[in-house]
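Each chain, letter by letter, is given below.
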Amino acid sequence: MKRRGIRSSWPLLAAVVLGMSLARGAVPEICVEGDISASRDQRAPAAIAAYFDSLGQGRFDQRAACARWAGMSYRRGMDRDSNAPAADPLPARFIVFPADGIELSRLAKWAGNMQLVKNVEFARRFLVVSFAARLSGLRLGRLLDSPLVSYAEPDCDGPDFLTTSIELFGAPGTTPSCWSRSARQSFPNDPCIEELWGHSMIGWDSTIAARSLPRIVAVLDSGIDAFHEDLASGVAVAFNAHEPPRSQGGRLNARCATSGRCFPHGTEMAGTIGGRMDNGIGVAGVAPNSRLLPIVISRVDRGLLARLSTIAAGIDAAVIGNADVINISAKWPVDSRAIAESIRSAVGGAAMKKRLLVTGYATSLDSDDTVREYFPSRYRCLPGVIAAVPADMRGHELFNPKGHPDANDGRIQAPGVDIVVTTTENSERGYALSGAAGASSAAAYVSGAVALVWGSPPLNTCDAQQIKRLLFCRSKSSDSTRYPWIHVDFLRELAKLGPGATCGTAMAALGCD
Amino acid sequence: MQFQSIQFSKIKGVAALGAALLLGAAAAAAAEPDPSIAGLLGKEITVESASGNDLMPVGGKLTFTFDSETNVVRICTRASANQKTPWVMDLAPGCKVELTLTRGERFCTIEDVKAGNAEVLASCHRLRSRDVALRPAKVKGTVELLDVIVFPVVTGPGKPSAAILFDSPSRLTTGGSVIICCGG
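Residue numbers (the working numbering), protein chains in the order written: chain D, 1 to 513; chain Y, 1001 to 1184.
Worth double-checking, as some hints may not be accurate.
Some chain D residues well away from chain Y (every beta-carbon gap over 12 Å; in silico) [to be verified]:
(1) Asp100
(2) Arg106
(3) Asp278
(4) Val389
(5) Asp463
DEER-style ranges, computed between Cβ atoms [unchecked claim]:
(6) Y:Lys1159 x D:Asp479: 22 to 30 Å
(7) Y:Lys1159 x D:Arg255: 51 to 59 Å
(8) Y:Pro1086 x D:Ile102: 53 to 61 Å
(9) D:Gly500 x Y:Glu1119: 44 to 52 Å
(10) D:Asp100 x Y:Pro1086: 55 to 63 Å
(11) Y:Ala1081 x D:Gly71: 28 to 36 Å
(12) D:Ser200 x Y:Ala1038: 35 to 43 Å
(13) D:Asp463 x Y:Glu1119: 29 to 37 Å
(14) D:Asn189 x Y:Ser1080: 42 to 50 Å
(15) D:Asn322 x Y:Ala1038: 57 to 65 Å
(16) Y:Ala1081 x D:Pro245: 49 to 57 Å
(17) D:Ala183 x Y:Thr1070: 53 to 61 Å
Partner residues aside, some chain Y positions facing chain D, computed with beta carbon under 10 Å [what the hints assert, rightly or not]:
(18) Glu1069
(19) Val1072
(20) Arg1074
(21) Val1120
If you're looking for bench data, these hints aren't it; they were derived computationally from the structure.
Yeah, the Cβ is synthetic: ideal placement off N, Cα and C, and Gly gets one too.
Construct all of the structure, not just a fragment, from the sequences and the given hints.
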């Protein structure tokens, strides 16, 4: 059968796919199909195909394409006074997937032979191809119209992290100065332990936390300060993410993974997840014995995310590192196939029993005042994904729900306001704390809870889905919030189990079999 | 600008006059500030804290004023001796930023705004402005335009406060941040 050219087929394709997208309410591919390979006939994101169609002989602009894909008005990126394009169009950089049966090396050779291709980077499943500047949409479309290519999407930069952190304690008298106190006389002796209102709210018990076995938590973020006193012993400093040294991920990891010289967000999340307990200083994490894998997916300035391809590579690295939990306290607006494939590999299919991906329930009020949910939160359709909803519950009561909340919804409420966190900034005496809020912190709380529960024998013999079911089954309710609240006080009941108890007997004893 | 000339019969003219009066009355009624924001108007607020960076200067003074002619609220800023950084761009001293009201079901708390769950924020009274210039964009010679959402919050009797969220719809490519400031 004669193959239709990608460029000429895009107008029709765009209309069809756009219609499908609208009909589905823009549900992520991976949620609709269960297997994204089912939509192989789609050769680009619908919005990108439509952008190509609108360009004709006009120059392709990576910035405009990414904004269009994200459903954002590119006018905002223009000069406000003249309404003219802000600058020269950014040259195209695409994530390119090979057609079935085509090896990446062959695809790379094809790309490398084109004069208009300036750079080719290898990833596990795709190439990142950077094109020459001033390329018309028509020409670029023709280049991507190769039978060697099955799918192409722009390799956009992601947006920022989901935190409202740093200096929230700026009002006089509210600065978290507990770091300067001497160690407490009782266990645990961390002087800031009483400031951690979220620990109390989720039924955290320091004795149980002390006994928990280590679980590996990959923190996909801006790196973790491995010199921080509350984190030093928990960070896997020798972890090799196996990202090519010249790739963006390789460079970011080399610079930021453990140095503490980069944006502090990752260090903040790490402290909530796995800050050391009973070390006489600072805070304690929810799962203080956990092993933290720092994987950098952030550019250092302003905490912006790196490229979509770098995020995908980071998820792959977490799998290589045998992470039990992948914490992504970040958000981006597009349904990237590169990232979806990585997530499917990490927590889909058989892997759904191996690990859980925890992220924040990231939302914003869109321009028309509708609520917009971002990625990867929108992948909570997958059994392996949990989205943590940030909330402040001080002064409110939690109680047992009438029934078991639905784990398939994937949303669970967690502390997300005024969280005292470890940080790399404002360092005094070599130790630093800050305040954080938002879905980032809620995700860190849930990641810590997953690691704690999964590390508490005999629940360490459970699979990831059993742990997820347990967390929802034993969650709490409140009158003032919509979703179930994560709560781990049931871990105390494990003491009643006899020796030789298994995951199954524990689940039954906890009423969640 | 072109002007339209409208001619009408006497009866139609009476009807039109009546309609115009009704419209005028409606416009006059619309010029009263909504009770959800009345407590915030005309009282000077000090920026007590801000997260993220220095878009909103701690120590700076601002007042929300109601413009009855256009039925919008303006943010009026002034420099203060205790201000850590200057007001910048559209928030430079003056009343450049206009906000329009979306009436919700309740007042948000500062904690609601810090948490940032839009499902919760959507139920709150809020003022919003789009395309506010507050800092240079990463592209040379341009500015980044932000959405500004002001949530009147209740912190105590007679103490007007607001949590202000700065959001950048264009952050996919130009970066952005969420800022909160509170005052009273």
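Starting from the range 35 to 43 Å, see whether the pair serine 200 of chain D and alanine 1038 of chain Y falls in it by beta-carbon distance. holds (38 Å)
Can you let me know if the beta-carbon spacing of glycine 500 of chain D and glutamate 1119 of chain Y is within 44 to 52 Å? holds (45 Å)
With d taken as the least Cβ-Cβ distance between aspartate 463 of chain D and chain Y, does d exceed 12 Å? About 30 Å separates aspartate 463 of chain D from the closest Cβ of chain Y, which puts it past 12 Å; holds.
At the C-beta level, are aspartate 100 of chain D and proline 1086 of chain Y separated by a distance inside 55 to 63 Å? holds (59 Å)
Could you check that no beta carbon of chain Y comes within 12 Å of the beta carbon of valine 389 of chain D? Violated: least Cβ distance 6 Å, not greater than 12 Å.
Outcome for the supplied range 49 to 57 Å, where the beta carbon pair is alanine 1081 of chain Y and proline 245 of chain D: holds (52 Å)
Distance restraint hint 51 to 59 Å, applied to the beta-carbon atoms of lysine 1159 of chain Y and arginine 255 of chain D: violated (46 Å)
Per the stated criterion, does the least C-beta distance between aspartate 278 of chain D and chain Y lie above 12 Å, as a non-interface residue requires? holds (29 Å)
Given the hint of 29 to 37 Å, is the C-beta distance from aspartate 463 of chain D to glutamate 1119 of chain Y inside that range or not? For aspartate 463 of chain D and glutamate 1119 of chain Y the Cβ distance comes to about 31 Å; the hint holds.
Do the beta carbons of alanine 1081 of chain Y and glycine 71 of chain D sit within 28 to 36 Å of each other? violated (44 Å)
For arginine 106 of chain D, is the shortest CB-to-CB distance to chain Y above 12 Å, so the non-interface label stands? holds (32 Å)
Verdict on aspartate 100 of chain D as a residue remote from chain Y, using beta-carbon distances over 12 Å: Given a closest Cβ separation of 31 Å, the condition holds.
Against the hints set out earlier in the document, violations occur for numbers 4, 7, 11, 18, 19 and 20.
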